[in-house]
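Chemist: Sequence:
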Amino acid sequence: MLKRLSLSVVSAAAVLALTGAPAAATAPVAAPAARIQSAAAGPLEPGPFHRRLDPLVGTWKATKYNYLLGGDGKPVVSRDITVRTRWIAKTGGRFLEEEAEGVLGGHPYYRLGILGFSTIDRRYEWTTFDSVTPTAMTYRGPALAEGSNVLSLPGTFTDPGVLGPEYVGKTIPMRTVITIRSNDRHTFDLYFTPPGQAERLVDRVVYTRKTK
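With mature numbering (1 follows the signal peptide of the UniProt record, and there is no 0) as the guide, the letters of the sequence shown map in order to residues -23 to -1, 1 to 189.
Note that these hints are calculated values from the structure, not bench results. What you are looking at is a predicted structure, and each value in this text was computed from that prediction instead of being measured. All C-beta atoms, glycine included, are put in the ideal place defined by N, C-alpha and C. You may find that some hints are simply not true.
Derived pair list, reagent style DSS-like, types lysine-lysine, alpha-carbon separation capped at 27 Å [claimed, not checked]:
hint: 1; residue 1: K147; residue 2: K38
hint: 2; residue 1: K189; residue 2: K38
hint: 3; residue 1: K67; residue 2: K147
hint: 4; residue 1: K51; residue 2: K67
hint: 5; residue 1: K51; residue 2: K147
What follows is a set of in silico ranges between Cβ atoms, one per label pair, in the way DEER data are often shown [unchecked claim]:
hint: 6; residue 1: E123; residue 2: G70; range: 31 to 39 Å
hint: 7; residue 1: K67; residue 2: S108; range: 23 to 31 Å
hint: 8; residue 1: K38; residue 2: A120; range: 15 to 23 Å
hint: 9; residue 1: E176; residue 2: K67; range: 22 to 30 Å
hint: 10; residue 1: V54; residue 2: T96; range: 37 to 45 Å
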């Protein structure tokens, strides 16, 4: 509590400095600090945008369609992936953790994803780490005025060669679209936009809730 109060006092001082308000005040310092703390408590806590993600929590059978590993427009399909998604309690329920494990293209596959909503930027944020690419894949959605069951999250990554040797080291725009279709089914679609080309679907994962 003392730590939060101290941070609130610092915030109050910063507001006074930016607005040009006089440093001296007739009211005790604790009173405006307490008001600022109370006003800030709302935006700092999980809210309705977090609650829209609740249907993603659970254990899922994931069917993955990867068009990068396939050929002639046909994807490599994996039906041997299990996904476990939970709110991370130690973050105060602010972030979802997704762990996916299985087999993709005949090789062991693993992905760790962290999904949350920034109440300051009013946007969804999604970062993944997997056993295929040697870099984090980070997405930041647009500022939102209202919630939706379809989340479109753009980002960029430095291609290690997944699009072909001619793209190694190039910055590739990408986009993940999360569609929450029901409490028991949702999809994650990943799109890449190679230089000089149209955006194209490179990976789709269909999640179906496991009942046992």
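Chemist: Per the hint of 23 to 31 Å, is the separation of the Cβ atoms of K67 and S108 within bounds?
Modeler: 25 Å, holds
Chemist: Hint check: K51 vs K67, CA-CA at most 27 Å. Holds or violated?
Modeler: 42 Å, violated
Chemist: Taking only the CA atoms, is the gap from K147 to K38 under or equal to 27 Å?
Modeler: 34 Å, violated
Chemist: Compare the distance between the alpha carbons of K51 and K147 with 27 Å, and conclude whether the hinted pair is satisfied.
Modeler: 25 Å, holds
Chemist: CA of K67 to CA of K147, is that 27 Å or under?
Modeler: 37 Å, violated
Chemist: Do the beta carbons of V54 and T96 sit within 37 to 45 Å of each other?
Modeler: With a Cβ separation near 38 Å, V54 and T96 satisfy 37 to 45 Å, so the hint holds.
Chemist: Quick one: are E176 and K67 within 22 to 30 Å, going by C-beta?
Modeler: Roughly 37 Å apart at Cβ, these two residues miss the hinted range, so it is violated.
Chemist: Does the structure keep K189 and K38 at a Cα separation of 27 Å or less?
Modeler: 11 Å, holds
Chemist: Regarding E123 and G70, is the given constraint of 31 to 39 Å on their beta-carbon distance met?
Modeler: The hinted range 31 to 39 Å is violated for E123 and G70, with Cβ atoms some 21 Å apart.
Chemist: Does the Cβ pair K38, A120 satisfy 15 to 23 Å?
Modeler: Distance hint for K38, A120 is violated at roughly 34 Å.
Hints 1, 3, 4, 6, 8, 9, counting from the list given before, are not met by this structure.
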